[in-house]
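Colleague: Chain residues, written in single-letter form:
There are 2 protein chains.
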Amino acid sequence: MITTRDIAERLQLSVSTVGRALADDDRISEQTKFRVRQAAAEMGYVANRAARMMRGASSDVVGLVIPDIRNSFYSTIAHELSKNMEAQGFQLILSETDDDRMVELRHLRELSASRVAGVIIVPTARPHSESVKLLKAVPHVQLLRKHSSLGSQWFGVNDFDALRQATAHLVEQGHPRIGYVGGPAELPTGAERLKGFRSALSGGNLSSEAGCIELGPPSSVEHGRQAVRRLLAGPSAPTAIALGSVQLTLGVLEELSRLDVKVPSELSVVGFGDEPGFSWWGPGLTTIGLPIQEMATGCGLWLMRRLTTKPDDDSAYASVSPGSLILRGSTAPPAQPRRPSRRKGS
Amino acid sequence: MITTRDIAERLQLSVSTVGRALADDDRISEQTKFRVRQAAAEMGYVANRAARMMRGASSDVVGLVIPDIRNSFYSTIAHELSKNMEAQGFQLILSETDDDRMVELRHLRELSASRVAGVIIVPTARPHSESVKLLKAVPHVQLLRKHSSLGSQWFGVNDFDALRQATAHLVEQGHPRIGYVGGPAELPTGAERLKGFRSALSGGNLSSEAGCIELGPPSSVEHGRQAVRRLLAGPSAPTAIALGSVQLTLGVLEELSRLDVKVPSELSVVGFGDEPGFSWWGPGLTTIGLPIQEMATGCGLWLMRRLTTKPDDDSAYASVSPGSLILRGSTAPPAQPRRPSRRKGS
DNA sequence: TTGAAAGCGCTAACAC
DNA sequence: GTGTTAGCGCTTTCAA
Numbered sequence: 001m002i003t004t005r006d007i008a009e010r011l012q013l014s015v016s017t018v019g020r021a022l023a024d025d026d027r028i029s030e031q032t033k034f035r036v037r038q039a040a041a042e043m044g045y046v047a048n049r050a051a052r053m054m055r056g057a058s059s060d061v062v063g064l065v066i067p068d069i070r071n072s073f074y075s076t077i078a079h080e081l082s083k084n085m086e087a088q089g090f091q092l093i094l095s096e097t098d099d100d101r102m103v104e105l106r107h108l109r110e111l112s113a114s115r116v117a118g119v120i121i122v123p124t125a126r127p128h129s130e131s132v133k134l135l136k137a138v139p140h141v142q143l144l145r146k147h148s149s150l151g152s153q154w155f156g157v158n159d160f161d162a163l164r165q166a167t168a169h170l171v172e173q174g175h176p177r178i179g180y181v182g183g184p185a186e187l188p189t190g191a192e193r194l195k196g197f198r199s200a201l202s203g204g205n206l207s208s209e210a211g212c213i214e215l216g217p218p219s220s221v222e223h224g225r226q227a228v229r230r231l232l233a234g235p236s237a238p239t240a241i242a243l244g245s246v247q248l249t250l251g252v253l254e255e256l257s258r259l260d261v262k263v264p265s266e267l268s269v270v271g272f273g274d275e276p277g278f279s280w281w282g283p284g285l286t287t288i289g290l291p292i293q294e295m296a297t298g299c300g301l302w303l304m305r306r307l308t309t310k311p312d313d314d315s316a317y318a319s320v321s322p323g324s325l326i327l328r329g330s331t332a333p334p335a336q337p338r339r340p341s342r343r344k345g346s
Numbered sequence: 001m002i003t004t005r006d007i008a009e010r011l012q013l014s015v016s017t018v019g020r021a022l023a024d025d026d027r028i029s030e031q032t033k034f035r036v037r038q039a040a041a042e043m044g045y046v047a048n049r050a051a052r053m054m055r056g057a058s059s060d061v062v063g064l065v066i067p068d069i070r071n072s073f074y075s076t077i078a079h080e081l082s083k084n085m086e087a088q089g090f091q092l093i094l095s096e097t098d099d100d101r102m103v104e105l106r107h108l109r110e111l112s113a114s115r116v117a118g119v120i121i122v123p124t125a126r127p128h129s130e131s132v133k134l135l136k137a138v139p140h141v142q143l144l145r146k147h148s149s150l151g152s153q154w155f156g157v158n159d160f161d162a163l164r165q166a167t168a169h170l171v172e173q174g175h176p177r178i179g180y181v182g183g184p185a186e187l188p189t190g191a192e193r194l195k196g197f198r199s200a201l202s203g204g205n206l207s208s209e210a211g212c213i214e215l216g217p218p219s220s221v222e223h224g225r226q227a228v229r230r231l232l233a234g235p236s237a238p239t240a241i242a243l244g245s246v247q248l249t250l251g252v253l254e255e256l257s258r259l260d261v262k263v264p265s266e267l268s269v270v271g272f273g274d275e276p277g278f279s280w281w282g283p284g285l286t287t288i289g290l291p292i293q294e295m296a297t298g299c300g301l302w303l304m305r306r307l308t309t310k311p312d313d314d315s316a317y318a319s320v321s322p323g324s325l326i327l328r329g330s331t332a333p334p335a336q337p338r339r340p341s342r343r344k345g346s
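Chain order of the listed sequences is W and P. Note that the UniProt record's numbering numbers the first sequence so that position 325 is 325, with each residue one more than the last. Note that the UniProt record's numbering numbers the second sequence so that position 99 is 99, with each residue one more than the last.
Please note: incorrect hints may appear among the correct ones.
The list treats identical chains as one, so a pair stands whether inside a single copy or across any two.
[Unchecked claim] Straight-line distance between alpha carbons at most 20 Å, and here's what the computed EDC-like set of lysine to aspartate or glutamate pairs gives:
#1 K133 x D6
#2 K133 x E42
#3 K310 x D60
#4 K83 x D100
#5 K83 x D98
#6 K136 x E42
Treat the hints as calculated values from the structure; they're not laboratory data. All values reported here derive from a predicted model rather than from experimental measurement.
Could you build the full structure based on these sequences and the hints that come with them?
Modeller: Structural data, given as structure tokens:
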């Protein structure tokens, strides 16, 4: 690797002159600058960032800690962040936790060792105490999920309201028993969505008995499949279900297709998020659209301002983006039980 | 930030002793090691990788340069790589090019400055000459696309055969005019797929006149929409279409749903890749499944071995994974033109 | 078993 | 306008 010293020797200059020329310092003559730049280009000089960092320069690298990049929520986030960061000369390190706190810890150790300038994290349910400690030493923002031990900078969506809306829509249509397949209550998002679901039930004067709840790993398509099978096989199967994560929605949709369940006549469904295939699934999936893109951009811009300006504004910050119900064909009032209609179809 | 010197001062030791204790050097007594480790943990010491790198240590960071992480091919790749690298203590820097060679160049400059240990790249159609130069200085592998100027280490899929299979299937069913929507021929993948398409046409004794070809940005869902609209509006609309990228497939499927085109009676369709929604689209999408996961894992493992062992094996390496046709309901023999059958449906 | 000192590549304070 | 020098945090001789 070519160093400033190599250039200096070739040009019979001192390293500091070369360094200054490369930094476009006022004190260096245009002619010298030109010669230096020329030589640098010819020799293929690339500045060594490690050396710069040792002189106190910031790393220009931001860590993105998420459960799984295959989840479209997270790939959307990664894309938005990457785009915005590149524009300002930042780089993004991708760290996947698979929702495992020990993996999360290992990643945070690595990021700390790399002296990343900042971290954007979707924390696991209960981050390790060392993770908490590590994050104290680096500017960071939480995304989607919010764990109080990790500080009060957070960008997320209104999970409570998302599921309240989804469920209220089903309640309004007169469904007597409504199922819910969502993430675990240990996750802040899981807890909020579940609360939203329950709130809509009681808001519709339905007892909690009317809700059949299946909780499990939010990133598991397979769990979505199994959960919906259990729900439909139960003694008092629901006439409608609300979903509490993108991956679970994917699993549920696949399984309903496979089982050839008639939607919405036999079962109404409200999904979570809005993926490409959702609009063409069966009669079109009614779902909760979330402004993930805007949220991610906001988060990225916020962190970069935090990193590039004096951190005088390290106060609490929370941004809650609202979701909105997208009505398509997968929801309808329940069929009248034990009183088959004369007409076939609508 | 705590340094080895801080620990040394507190324990009344020299920095070198502390360094050796932390590195578990044989010459240090167990007792001293214990005291040092204790203090390090208490004080929250995290080794400074920049300093290590200046002493010649490798960076343990690999750059992943791809067009767009939202494309599920690439998010799958990123996930597989991330998982495998984490297991061996490597980190992944995510660089999105948006298929723009200048953005690609900027990313490669940054990666070089960071002295990444290696690079995995899905190159743009014509990488900048400086990009080529930069890559010469760092171990790298090409993924999916292969540009000869970037060396001969490559992991990809058999693009030619993928489209040959897809098209041959349509030819066998007797389609007289077959459309193709794919990426530009400037891209190595685009060129191969197009060749595969043409090869199947001539293999079926169809003249090239029988092919209606629409090329455009391979990552643009919107282009897929427009292309299929143009294809169907043409004077001699095809009775079947083969698709040449995941994103284009998504666009085409959406548009066909929107236009309410009857598949496969009015039009047969073969997709590219196998996304979650493909199985439940219309009658189920017949498509080409590609072993992206295996390819990515192979690539990651290969690069890491290259990085962790002596580079005595820097010879050419190419791995070509085959795709396979997944038959679902979206393809059928063409309807007899101008001779409507008496029977309705099948 | 431990310490002192040099040096990785760069920048900045201090000469001249 | 340019050179000299010190030092960032760490590893690694070379001494003791």
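Colleague: Name the hints, by number, that the structure is in violation of.
Modeller: none
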